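*Asks:* Using the sequences provided together with the hints, build the complete structure.
These protein sequences, in sequence, are chains A and B. Read in UniProt numbering, the first sequence has 54 at position 54, and its numbers run on one by one without any break. Read in UniProt numbering, the second sequence has 214 at position 214, and its numbers run on one by one without any break.
FYI, nobody ran anything at the bench for these hints, they're computed from the structure. Since this is a predicted model, take the numbers as computed values, not measurements. Just so you know, not all the hints are guaranteed correct.
As the list claims (entries may be wrong) - List of simulated lysine-lysine pairs, PhoX-like, C-alpha gap at most 25 Å:
1. B:K257 <-> B:K169
2. A:K4 <-> B:K249
3. B:K249 <-> B:K169
4. B:K257 <-> A:K4
5. B:K256 <-> B:K169
6. B:K256 <-> A:K4
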Amino acid sequence: MRWKLFADLAERAGDDEINVSVDDSEPTAGDALDALLAEYPQLADRVFTADGDLESHLNLLRNGENVSDTGLATPVSDDDELALFPPVSGG
Amino acid sequence: MQTLCVVGDDASAVADALATRIAETYEGRVATVDYGDAVDNVAVDEGDPTDADGRFSLTSKGQWVGRGDDRSLVDLLDSLAPDYEYAVVAGTSHHRLPTVVVGDSDPEPANVVAEAPTADAVDIAALATRVDDFEPHVTLETLIDRAEASPLAERSGAIATFTGRVRIKDSPEDDRTEHLAFEKYEGVADERMAAISDDLTDREGVFEVLMHHRVGVMGPGEDIVFVVVLAGHREEAFQTVEDGINRLKDEVPIFKKETTEADEFWLHERGG
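*Replies:* Right, dumping it as structure tokens:
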């Protein structure tokens, strides 16, 4: 699957499009995020709270749809595009 | 209007070749802009000196030439945008516009889409195929024209528009904003804007809702975002244009980074 990062997340990673693979028959967004953080550990304290939850102000999208309700438990597949970004600030 | 700048050595020759190729390949109208210290005399014969600041010559068939002393590059492109599908600018760039660099260019443009060591090395055909993929130069006037072309235009008695622009300071003692930079989630941002427009167009008496948000770097006073509503009456026009910009700001994945005299920060980090 492919991650897309925006704003300060992309700056911190030094990259805005990152392919990851997860060795699991039923992968979740959480598995994909772990794979991302394995390559870009500098994102970890930006993405997780002290309790290990996804920062509540971050948006998580799967193929352009917001999946913040199911969050890291959202099932994902190999050809998905996942996106992580802070609150939007257009206009 | 798809706009492409060419800077560096032989910019004019490369721009001419590109404009020719684009005109041969696509149906839309093409304009070229030659930027430099001297105005090409083909514009208008010097003629008798007058006190007029602008000088135009027009035929009954709509052919015209003009010269004046009052336009920036952005002013000129804004005035071309409603009438041309393509513009190729030789000799200068602007921080937001896609730019081809031939040889060296100082300073380096912010949005370089192609580089070549010499004019001969520029792949004109390949660039012409890509020109529709570059971010277009969209103006308020372009959107108003599109709204007025609506099949329901004859029932419309009102157009309301919103323009968001780069504010230099929010209060007198604020640091001056030097520029804003916007990035968007390509594809998803446009889908969400289209969904908002569709929603709002379902309202009684609302016929067209058009929105456009520019990306890249924008300087003080520059336009950032436009919302245009074509409606039956002013009440629904005003209400819808307000709801349109509010929803765009809440829902569309676009991110703003501000550079002031003293600082640089992402807007979400300041809660604004």
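*Asks:* The structure should be examined with respect to each hint, and the outcome stated for every one.
*Replies:* Verification of the hints:
1. B:K257 <-> B:K169: holds (15 Å)
2. A:K4 <-> B:K249: Status holds; Cα separation ~20 Å.
3. B:K249 <-> B:K169: With a Cα-Cα distance of about 20 Å, the restraint between K249 (chain B) and K169 (chain B) holds, given a limit of 25 Å.
4. B:K257 <-> A:K4: holds (18 Å)
5. B:K256 <-> B:K169: holds (16 Å)
6. B:K256 <-> A:K4: Measuring from Cα to Cα gives roughly 17 Å; hence the hint holds.
Checked against the numbered hints above, the structure violates none of them.
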